[in-house]
Amino acid sequence: MSRPQEIRTDLDEGIDRKDLSLLRTRFLSVNDGRLERTRQAMSPRQQQVLTLLPLLFDTNHPILPGYVSNATPCGLSGFKPDARLIAEAQRLSRSFSHKPHRGQRNEAIHGLFLMGSLGTVAQNEQSDLDVWVCHQPDLDPAALGELRRKCDLLEAWAATQGTEAHFFLIDPARFTQGRGAGPLTSDDCGTTQHYLLLDEFYRTAIWLGGRTPLWWLVPAYEEHRYDLYVETLIRKRFIRSDEVLDLGHLGDIPAGEFLGAGLWQLYKGIESPYKSVLKLLLTEVYASEHPDVQCIALRYKQAVYANRLDLDELDPYIVVYRRLEEYLRDRGDQQRLELIRRCLYIKVNKPLSRPPRNRRKSWQRLLLERLTEEWGWDARQLAMLDSRSRWKEGQVSLERRALVNELTYGYRFLSQFARQMQVVSPMDSHDLGILGRRLYAAFERKAGKVEFINPGISPDMAEESLTLVLHTDRDGDRQWILLRGNLNALEWRNYAPLKRSRDLVPLLAWCHRNGVIDGGTRISLHPGDSDLREAELSGLLGSLQQVLPVPLGTVPEQALLASSVPKKVLLLINVGVDPLPQHSLLNVHIATGRTDSLGYAGARENLVVSIDQLTLNSWNELMVSRYDGTDALLDCLRDYLDALPAEGALPELHVRCLCRNRAPLIARRVEELFADAQASLASSPNSRYLLQVRQHYHLIDLVPGQVRHASLPDLPALLDHLGEGRAAYSPIHLDRHANEVNDLGVILPAGQPNCLQVFYRIRGEQAELSVLDELNALWRQHLPFKDELTLLTPLQRFLQSILYRRNAMQPLTDNGRGPTMEILYHQILPAQGDLPLRLERRSAPPARVGDPFYDVQAIIEPGDRGRTQVSLYCNHREFSELEYGPDLFATVARHILAQRRTRERYPCYITDLDLSGMLGDGPAQTVQYLRYKTRLEAALNQALEQQALDPY
Numbered sequence: 001m002s003r004p005q006e007i008r009t010d011l012d013e014g015i016d017r018k019d020l021s022l023l024r025t026r027f028l029s030v031n032d033g034r035l036e037r038t039r040q041a042m043s044p045r046q047q048q049v050l051t052l053l054p055l056l057f058d059t060n061h062p063i064l065p066g067y068v069s070n071a072t073p074c075g076l077s078g079f080k081p082d083a084r085l086i087a088e089a090q091r092l093s094r095s096f097s098h099k100p101h102r103g104q105r106n107e108a109i110h111g112l113f114l115m116g117s118l119g120t121v122a123q124n125e126q127s128d129l130d131v132w133v134c135h136q137p138d139l140d141p142a143a144l145g146e147l148r149r150k151c152d153l154l155e156a157w158a159a160t161q162g163t164e165a166h167f168f169l170i171d172p173a174r175f176t177q178g179r180g181a182g183p184l185t186s187d188d189c190g191t192t193q194h195y196l197l198l199d200e201f202y203r204t205a206i207w208l209g210g211r212t213p214l215w216w217l218v219p220a221y222e223e224h225r226y227d228l229y230v231e232t233l234i235r236k237r238f239i240r241s242d243e244v245l246d247l248g249h250l251g252d253i254p255a256g257e258f259l260g261a262g263l264w265q266l267y268k269g270i271e272s273p274y275k276s277v278l279k280l281l282l283t284e285v286y287a288s289e290h291p292d293v294q295c296i297a298l299r300y301k302q303a304v305y306a307n308r309l310d311l312d313e314l315d316p317y318i319v320v321y322r323r324l325e326e327y328l329r330d331r332g333d334q335q336r337l338e339l340i341r342r343c344l345y346i347k348v349n350k351p352l353s354r355p356p357r358n359r360r361k362s363w364q365r366l367l368l369e370r371l372t373e374e375w376g377w378d379a380r381q382l383a384m385l386d387s388r389s390r391w392k393e394g395q396v397s398l399e400r401r402a403l404v405n406e407l408t409y410g411y412r413f414l415s416q417f418a419r420q421m422q423v424v425s426p427m428d429s430h431d432l433g434i435l436g437r438r439l440y441a442a443f444e445r446k447a448g449k450v451e452f453i454n455p456g457i458s459p460d461m462a463e464e465s466l467t468l469v470l471h472t473d474r475d476g477d478r479q480w481i482l483l484r485g486n487l488n489a490l491e492w493r494n495y496a497p498l499k500r501s502r503d504l505v506p507l508l509a510w511c512h513r514n515g516v517i518d519g520g521t522r523i524s525l526h527p528g529d530s531d532l533r534e535a536e537l538s539g540l541l542g543s544l545q546q547v548l549p550v551p552l553g554t555v556p557e558q559a560l561l562a563s564s565v566p567k568k569v570l571l572l573i574n575v576g577v578d579p580l581p582q583h584s585l586l587n588v589h590i591a592t593g594r595t596d597s598l599g600y601a602g603a604r605e606n607l608v609v610s611i612d613q614l615t616l617n618s619w620n621e622l623m624v625s626r627y628d629g630t631d632a633l634l635d636c637l638r639d640y641l642d643a644l645p646a647e648g649a650l651p652e653l654h655v656r657c658l659c660r661n662r663a664p665l666i667a668r669r670v671e672e673l674f675a676d677a678q679a680s681l682a683s684s685p686n687s688r689y690l691l692q693v694r695q696h697y698h699l700i701d702l703v704p705g706q707v708r709h710a711s712l713p714d715l716p717a718l719l720d721h722l723g724e725g726r727a728a729y730s731p732i733h734l735d736r737h738a739n740e741v742n743d744l745g746v747i748l749p750a751g752q753p754n755c756l757q758v759f760y761r762i763r764g765e766q767a768e769l770s771v772l773d774e775l776n777a778l779w780r781q782h783l784p785f786k787d788e789l790t791l792l793t794p795l796q797r798f799l800q801s802i803l804y805r806r807n808a809m810q811p812l813t814d815n816g817r818g819p820t821m822e823i824l825y826h827q828i829l830p831a832q833g834d835l836p837l838r839l840e841r842r843s844a845p846p847a848r849v850g851d852p853f854y855d856v857q858a859i860i861e862p863g864d865r866g867r868t869q870v871s872l873y874c875n876h877r878e879f880s881e882l883e884y885g886p887d888l889f890a891t892v893a894r895h896i897l898a899q900r901r902t903r904e905r906y907p908c909y910i911t912d913l914d915l916s917g918m919l920g921d922g923p924a925q926t927v928q929y930l931r932y933k934t935r936l937e938a939a940l941n942q943a944l945e946q947q948a949l950d951p952y
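Read left to right, the sequence shown gives residues 1 to 952 (our numbering).
Everything labelled a hint here was simulated from the structure, so no lab data went into it. Using N, Cα and C, we set each Cβ at its ideal position, and we do this for glycine too. Certain hints may be false.
[To be verified] Once the Cα atoms are required to be at most 16 Å apart in a straight line, the calculated EDC-like pairs of lysine to aspartate or glutamate come out as:
hint : residue 1 : residue 2
1    : LYS567    : ASP635
2    : LYS275    : GLU373
3    : LYS80     : GLU289
4    : LYS268    : GLU557
5    : LYS567    : ASP639
[Unchecked claim] Beta-carbon label-pair distances, calculated as ranges:
hint : residue 1 : residue 2 : range
6    : PRO355    : GLY145    : 48 to 56 Å
7    : ASP292    : SER465    : 53 to 61 Å
8    : THR472    : GLY866    : 52 to 60 Å
9    : LEU829    : ALA728    : 57 to 65 Å
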């Protein structure tokens with residue numbers, strides 16, 4: 001018997017009512033077949049939910065599920081339950097009796113449709129019921145609220161029957177205008193993809209009751225003038241308007257929808273690539289055809305019009321696959337074609353290498369068998385795919401490469417499409433940029449980043465047993481090697497490594513991030529010449545699991561709008577290293593009062609030998625950095641502080657040390673140091689932090705984003721560094737263990753802005769004089785001590801002269817006074833018993849008018865060839881290098897000695913200094929004056945000594 005000819009209903013040639021009736025019959029025939037397939041895949045309780053849905057929306061009855069009130073909109077257009085359906089409802093509630101509605105005004109529900117994977121080759125026991133509830137247009141808010149409440153109650157009832165159901169309220173009039181109410185499926189992004197959502201609806205929807213889609217009756221070749229065709233059908237009464245439901249057409253799809261749909265699928269594909277690759281590629285196919293896009297729904301409609309009603313070939317997933325297969329074959333892209341075949345096979349989830357349940361093959365399995373035979377897949381390939389739940393690193397990495405390539409290609413295609421078409425879309429360049437960052441964070445390789453190779457590919461990559469080896473080659477290069485199985489020291493060389501790494505922690509982090517090691521994995525350790533022990537290895541893995549639990553959550557969009565910042569930081573100290581190997585070798589324990597881990601015992605050993613830093617940032621990237629060598633701790637601290645966000649939450653810091661000697665104390669010391677430095681940076685963003693490691697001093701400049709540290713070998717080098725000029729005031733914070741930094745431990749914390757502070761310490765016949773200037777730079781000088789007045793008065797006169805000179809250059813305030821700067825005096829008192837060094841305030845030395853003093857003023861100016869030129873004024877008499885050349889200081893010394901009553905050899909002090917010619921427009925910092933003062937006084941006093949010894 002021959003198949004009936006294709007139906008053509010043309011406006012110009014006339015429309016036959018019989019053809020329209022036959023078309024409706026064909027669509028309903030396909031619908032009934034798919035509905036039956038849906039039921040076959042359901043449990044009896046799920047079938048009951050599906051069977052009762054039309055009746056539950058047709059009536060409001062207090063004893064039926066979903067009842068809200070008698071005012072809830074109900075009545076399903078044209079619905080007349082048969083005796084079997086009423087009996088099914090009475091099985092649920094025996095006293096139920098059905099009362100028919102009277103008149104169209106009681107038919108508020110125009111149509112019920114299932115949408116999605118139900119009735120398809122991909123349906124499984126966990127498939128959701130996505131139900132479109134198409135209601136009469138313009139229900140008032142109260143009625144819509146009642147209907148929404150009814151849907152919520154039905155969802156709750158369905159859940160008690162083992163069914164996950166989602167009901168979506170659709171106003172057809174609003175929907176055809178692209179104004180649907182929010183997300184329209186449980187797996188879709190909603191109104192930003194109106195036409196593509198409609199395309200999916202028309203090719204997957206299963207009609208449950210009510211009016212049938214008007215779209216069925218419009219030929220695909222008339223889609224471009226859909227409105228005219230529909231108007232003709234209704235105006236000429238080929239159809240009754242109360243029998244059809246109009247949700248719109250697919251004649252013209254805006255380019256922006258392809259961008260929006262592609263972005264959405266890429267977003268989902270980052271975590272579940274298999275579910276998204278098919279739809280992403282379909283979007284690419286559609287976009288490549290724009291503006292002459294032939295949607296798959298139109299092909300489906302053409303097949304029905306041509307009477308090609310084979311349910312297998314009309315299956316929504318098969319129709320999509322055929323379209324993708326056609327596209328990729330035309331392009332000669334066999335590799336991508338194989339990928340989508342694997343994606344479809346995994347989506348269907350019918351393992352063909354295993355016998356079917358109950359020895360009966362479902363229609364889905366039979367269809368899949370025909371497909372895989374057509375693809376030329378053998379038993380080995382089927383077995384490989386069916387064992388996906390047991391895939392390990394090798395297979396997962398290969399599959400990840402293919403999936404990432406597809407997602408990356410999709411992103412580049414969409415970006416190029418958006419530029420070429422100048423797309424204006426609800427999901428615009430902002431969304432494209434955000435998605436690009438998601439892809440970058442998830443898949444981009446870069447130095448130090450732990451690669452995540454399992455984005456939804458294998459549910460379990462854990463190995464039962466592994467062997468971890470430290471191998472050192474002939475050149476002394478070391479590498480950690482990870483192998484499968486439990487291998488001894490001789491066997492492992494004959495096996496291919498699972499992973500290699502120069503350092504241990506990146507290897508362990510990779511295993512943890514990808515689930516290669518879990519609580520049940522047995523590890524055989526061959527540590528080579530390292531100090532790694534099994535207990536330490538177990539502790540390292542436990543630290544990773546505790547601090548960085550996996551899987552990681554989804555990165556919120558807000559985080560991607562900004563640059564990535566650290567969220568969690570784990571510092572692993574001395575991994576595989578014993579900081580006191582000589583003590584372990586001799587099995588001795590040192591009793592010492594010097595317990596600081598950065599200056600331990602008499603040798604002041606630094607017990608922090610190496611640091612491995614793991615950082616989980618706000619984009620969920622896991623980064624590993626290793627620090628070793630002399631400045632490992634300081635380099636790590638610098639980079640940690642540099643990476644802190646300028647604002648917002650600070651990262652969680654965790655420190656672990658599991659080495660053989662003094663591990664808890666080492667971890668606590670490092671944690672305290674990082675916490676203190678971080679607090680110092682937060683309290684004053686232009687501050688400095690001073691600590692001592694072994695015999696070296698380290699001064700860290702805490703400038704946000706530009707943290708740097710200076711390593712200073714001894715105390716004189718530290719003093720020189722502290723005496724350097726600065727651009728702004730910079731407080732100095734001392735490490736809590738910096739109690740042996742001479743008297744700096746009491747001087748430096750006393751710094752104040754816009755203040756000069758003088759500190760003096762008497763040591764027998766010598767005195768130590770220090771000044772912290774207005775920007776917290778330090779100047780120090782050692783002088784003979786006679787009494788406090790003699791010690792402090794010359795410095796006081798000099799500082800007052802500098803302030804007077806500086807104030808004269810500043811504008812006056814409203815009260816006629818210039819800016820003031822206070823000079824404070826402190827004496828450093830020696831430690832006594834349990835009391836440490838301490839400061840006591842002192843008054844400024846008295847300035848007695850009658851006290852004679854010799855005024856020595858200096859002026860320093862730039863000279864020729866980068867030299868400086870000095871002029872000295874002794875009680876206003878000028879002595880210049882222009883006149884005396886290299887004999888300047890000798891000449892001045894003779895003059896000073898001649899003014900003294902006796903040729904006493906006591907020091908001479910500079911009482912005033914002018915540097916204005918050396919500094920350009922800005923004022924000099926006080927420490928700069930003091931440094932010049934020190935050099936001039938040294939030269940002058942040396943000349944005095946020489947003159948006293950040899951006056952001629």
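Task: Hint check, failures only - done: 1, 2, 3 and 9
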